[in-house]
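Based on the provided sequences and hints, a complete structural model is requested.
The numbering of the sequence shown is my numbering, which starts it at 4 and goes up by one.
Misleading hints may appear alongside valid ones.
[To be verified] Keeping only pairs whose Cα atoms sit at most 25 Å apart, straight-line, the calculated PhoX-like set for lysine-lysine is:
(1) Lys216 x Lys195
(2) Lys143 x Lys157
(3) Lys49 x Lys195
(4) Lys49 x Lys110
(5) Lys69 x Lys210
Hints are computed from structural coordinates only; laboratory data are not their basis. Values in this document were obtained by computation on a predicted structure and should not be read as measured data.
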Amino acid sequence: MEFVQGQKYLCMLAPSFAAEFEYPEIVYRLRQLGFDDVVELTFGAKMVNIAYYELLKESIEKGEKKTWIASPCPTLVNMVRVKFPELIPNLVPVLSPMGAMALICRKYYPDHKRVFVGPCITKKNEAQELGSIDEALTFKELNELFKLHNIPEKVTDSKYCVTFEKFYNDYTKIYPISGGLSSTLHYKNILKEKDILVTDGVENVMKVLSGFKDGMYKDYRFLDILTCAGGCIGGPGMIGER
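Shown next, in the form of structure tokens:
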């Protein structure tokens with residue numbers, strides 16, 4: 004990625020950054036690299052949770068026995084589209100936190116190039132599909148940019164340890180771990196714990212989707228599943244040095 008002089012840049016940082024980088028140093032390092040503003044996706048995750056809650060609530064109040072599949076993971080969505088197309092109607096029709104945050108940022112940062120940074124390679128395809136994000140980088144790619152431009156890892160002067168811009172939400176910071184979505188959904192008014200299935204990892208996800216297609220798992224109302232082991236923090240774009 005190259006930064007063009009005169010162009011403003013916004014970094015949309017996935018909350019899994021905490022597994023790779025120090026905060027608040029990471030914000031200063033991103034600004035040193037060329038980003039004018041930095042936001043975290045936790046607010047987008049909060050907006051997604053509100054939409055999920057309303058959808059599940061409405062479905063239950065209507066007496067539907069439908070089992071919904073969480074859809075923030077683009078690899079999972081692609082897997083359903085390609086291998087289990089009959090399950091597409093079960094995917095929750097709500098944007099991912101990245102997609103939701105992109106719409107918010109397009110309104111409040113209309114002159115910025117919007118760049119997502121996270122642990123997921125498939126987010127690059129999702130960004131192209133959405134059209135509201137100009138570029139998607141992995142943490143590995145970001146780290147290479149830091150090295151290329153000699154951005155120091157530690158910031159010794161505290162005045163440079165700036166914080167995120169607006170749109171920050173604390174409780175959705177656990178979104179990138181397995182079960183993070185359902186854990187922050189505040190579902191207890193509409194669902195019981197037994198109504199939710201949480202799993203992660205490609206083999207486990209394939210097993211669940213195959214079984215669901217064949218009539219299993221129908222007693223669950225919500226499948227909170229992620230294809231990377233452990234959740235997004237196990238994504239292939241992680242650096243894995245910490």
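Each hint, compared with the structure:
Taking the CA atoms of Lys216 and Lys195, the gap is about 23 Å. The hint holds against a cut of 25 Å. Restraint check for Lys143 and Lys157: the C-alpha separation of about 18 Å stays at or below 25 Å, so the hint holds. With a C-alpha separation of about 21 Å, the suggested pairing of Lys49 with Lys195 holds against the 25 Å cut-off. Distance check on the hinted pair: Lys49 and Lys110 sit about 17 Å apart at the alpha-carbon level, within 25 Å; holds.
Of the supplied pair hints, the one linking Lys69 and Lys210 holds, its CA atoms being roughly 19 Å apart against a limit of 25 Å.
In the structure shown, no violation is registered for any of the earlier numbered hints.
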